[in-house]
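Construct the entire structure; sequences and hints are all you get.
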Amino acid sequence: MKHLFPLFLTSSLVGLLAFGAQAQTTAPVATPVAASAAPAAAPTKVDPAVLPPKKLTSSDYKAQIATSTKVLTADPKNVEALMTRAKAHLQLKSYDEAIKDYSAALKLKPGDVDALYNRGLAYLKNDDSKLAMNDLSAVLRLRPDDKEAFFARGVAKMQMSNFKSALGDFAKTISLDAAYADAYEYRGICYASINKPKEAQRDLEQAVKLNPDAAKSLRKYGKK
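Read in order, the letters of the sequence shown are residues -23 to -1, 1 to 201 in mature numbering (1 follows the signal peptide of the UniProt record, and there is no 0).
Among the hints, a few may not be true.
To be verified - In silico DSS-like cross-links for lysine-lysine, where the CA-CA straight-line distance does not exceed 27 Å:
#: 1; residue 1: K47; residue 2: K31
#: 2; residue 1: K124; residue 2: K107
#: 3; residue 1: K124; residue 2: K193
#: 4; residue 1: K77; residue 2: K141
#: 5; residue 1: K149; residue 2: K193
#: 6; residue 1: K149; residue 2: K77
#: 7; residue 1: K173; residue 2: K200
#: 8; residue 1: K39; residue 2: K54
#: 9; residue 1: K175; residue 2: K141
#: 10; residue 1: K32; residue 2: K84
#: 11; residue 1: K107; residue 2: K149
#: 12; residue 1: K47; residue 2: K32
#: 13; residue 1: K54; residue 2: K84
#: 14; residue 1: K86; residue 2: K102
#: 15; residue 1: K197; residue 2: K186
#: 16; residue 1: K102; residue 2: K175
#: 17; residue 1: K77; residue 2: K54
#: 18; residue 1: K149; residue 2: K173
#: 19; residue 1: K107; residue 2: K47
#: 20; residue 1: K186; residue 2: K173
#: 21; residue 1: K102; residue 2: K124
#: 22; residue 1: K47; residue 2: K70
#: 23; residue 1: K47; residue 2: K77
#: 24; residue 1: K39; residue 2: K86
#: 25; residue 1: K124; residue 2: K32
#: 26; residue 1: K54; residue 2: K70
#: 27; residue 1: K107; residue 2: K86
#: 28; residue 1: K70; residue 2: K84
#: 29; residue 1: K141; residue 2: K84
#: 30; residue 1: K149; residue 2: K124
#: 31; residue 1: K86; residue 2: K70
#: 32; residue 1: K197; residue 2: K141
#: 33; residue 1: K175; residue 2: K200
#: 34; residue 1: K102; residue 2: K31
#: 35; residue 1: K32; residue 2: K77
#: 36; residue 1: K197; residue 2: K173
Calculated directly from the structure, the hints in this document are not laboratory data.
See the structure below:
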């Protein structure tokens, strides 16, 4: 079940268009000069910060790993290099390697919330739900309104068949972001798993409204 990356890209493009429109409306108007053409307007510079992020390839991540490894050979306690290499491993689905690097980073920088969150995701992807839940709970103690951490912890609880407890995490995710389609979808599956078909149907229908890809779950877990 996919997250709403297309929505993120759309929002970024809207921001870019808004930036361009603002630049056009606030640019000074050239004063006409008699018997000569008005000077051409200078091209508008686009702030790279408003551009959609470049999608990195596996080759990019492998290059990051190689560069970070060189840095760590010279400076084994370089937390930034450990974090960069760990994230690259995570993207390449090398979860054991990602966990090792995030764990090393946390020894050097205890309580780093990003390292805890990403290690939690690596544990989750590696089917180690209990350790994932521990890390994600630690994240939520430090960042109590993190919708992604609530969602991921809910998934970890689902993997442990703790459906009733997962309901609370998905409900919190939805309270923080009412358009979080995956939270409705997974909460609907939890309701179906504890024999609450009415609630399951409601959530799964809402998930489909937000993300048509959820139709597969509606067919599988909705009312028969």
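Against the structure, the hints come out as follows:
no. : hint        : result
1   : K47 - K31   : holds, 24 Å
2   : K124 - K107 : holds, 19 Å
3   : K124 - K193 : holds, 24 Å
4   : K77 - K141  : violated, 32 Å
5   : K149 - K193 : holds, 24 Å
6   : K149 - K77  : violated, 30 Å
7   : K173 - K200 : holds, 10 Å
8   : K39 - K54   : holds, 21 Å
9   : K175 - K141 : holds, 16 Å
10  : K32 - K84   : violated, 30 Å
11  : K107 - K149 : holds, 20 Å
12  : K47 - K32   : holds, 24 Å
13  : K54 - K84   : holds, 10 Å
14  : K86 - K102  : holds, 23 Å
15  : K197 - K186 : holds, 17 Å
16  : K102 - K175 : violated, 30 Å
17  : K77 - K54   : holds, 14 Å
18  : K149 - K173 : holds, 19 Å
19  : K107 - K47  : violated, 33 Å
20  : K186 - K173 : holds, 20 Å
21  : K102 - K124 : holds, 18 Å
22  : K47 - K70   : holds, 21 Å
23  : K47 - K77   : holds, 17 Å
24  : K39 - K86   : holds, 25 Å
25  : K124 - K32  : holds, 23 Å
26  : K54 - K70   : holds, 24 Å
27  : K107 - K86  : holds, 22 Å
28  : K70 - K84   : holds, 23 Å
29  : K141 - K84  : violated, 34 Å
30  : K149 - K124 : holds, 7 Å
31  : K86 - K70   : holds, 24 Å
32  : K197 - K141 : holds, 20 Å
33  : K175 - K200 : holds, 8 Å
34  : K102 - K31  : holds, 24 Å
35  : K32 - K77   : holds, 25 Å
36  : K197 - K173 : holds, 14 Å
Violated hints, listed in ascending order, are 4, 6, 10, 16, 19, 29; each of the other numbered hints is respected by the structure.
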